[in-house]
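Enquirer: Make the full structure from the sequences, and use the hints.
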Amino acid sequence: AESFREAMKGFKELGGDVVVKPLFGSLGSGMTRIADVDTAYRVFRALESINSVFYLQKFIPHENYDVRVFVIGGRVISAMPRRGESWKTNISFGGKPEPYTPSEMEVDISLKSASALGLEYTGVDLLRSEGGGTYVLEVNSTPGWEGLQKVTKGNIASELIEYIVSELM
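Take 491 as the starting number for the sequence shown in my numbering and just add one per residue.
Misleading hints may appear alongside valid ones.
To be verified - So the derived label-pair ranges between C-beta atoms look like this:
#1 Glu610 <-> Lys502: 35 to 41 Å
#2 Ser582 <-> Asn645: 17 to 23 Å
#3 Asp528 <-> Ser493: 17 to 23 Å
#4 Val543 <-> Glu652: 34 to 40 Å
#5 Glu575 <-> Ser493: 30 to 36 Å
#6 Glu492 <-> Arg573: 34 to 40 Å
#7 Asp507 <-> Glu575: 15 to 21 Å
#8 Ser576 <-> Lys643: 28 to 34 Å
For the record, the hints were derived by calculation from the structure and aren't laboratory data. Every residue gets a Cβ at the ideal spot worked out from N, C-alpha and C, and that includes glycine.
Expert: Structure (structure tokens):
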């Protein structure tokens, strides 16, 4: 949304429980969950005052974890669930990475997401709702892999360099 009015309309259409994300940002910084109309009013007015764009996502109840699937050159290199103390699961906010083997469905969704956006190198963030559905939260064009490397046997940087070199040859 590009205005206070559009943001309030979106807030209501999305059920009155949303995550507001900065368009440009990383590591979960600036993400805010809003589930109250008065808070929405104040936050959206503040964002409007600095000519911000409103990026709203419906909040999806989950068990405080998501899955990062790391794709390089059309292959899944590694994956990890990130378990948090709250709805924010980012490593920078205390999310804990764990070793993980993605399901066929998670691999398929991640590869299709990377392909659809023409990304040779990406981190696809998947969320499993409490209701059992799987959602693509984000497809990162500049994914971090610090937490992922801690739970991955291979060397992610080496995989990326090998891919780049093979593409240049």
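Enquirer: If a hint holds in the structure, say so; if it doesn't, say that too.
Expert: Consistency of the hints with the structure:
Our hint of 35 to 41 Å for Glu610 and Lys502 holds, since their Cβ atoms are close to 39 Å apart. Between Ser582 and Asn645 the beta carbon distance is about 22 Å. The supplied range of 17 to 23 Å therefore holds. Between Asp528 and Ser493 the C-beta distance comes to about 19 Å, which sits within the given range of 17 to 23 Å. In this structure the supplied range 34 to 40 Å holds for Val543 paired with Glu652, their Cβ-Cβ distance being about 38 Å.
Hint check: Glu575 to Ser493, Cβ distance near 34 Å, so the stated range 30 to 36 Å holds. Between Glu492 and Arg573, the C-beta spacing of about 35 Å keeps the proposed range 34 to 40 Å intact. Restraint check, Asp507 to Glu575: a C-beta distance of roughly 19 Å satisfies the suggested window 15 to 21 Å. Taking 28 to 34 Å as the suggested C-beta distance range, the pair Ser576 and Lys643 conforms, at roughly 30 Å.
The structure agrees with every numbered hint stated previously.
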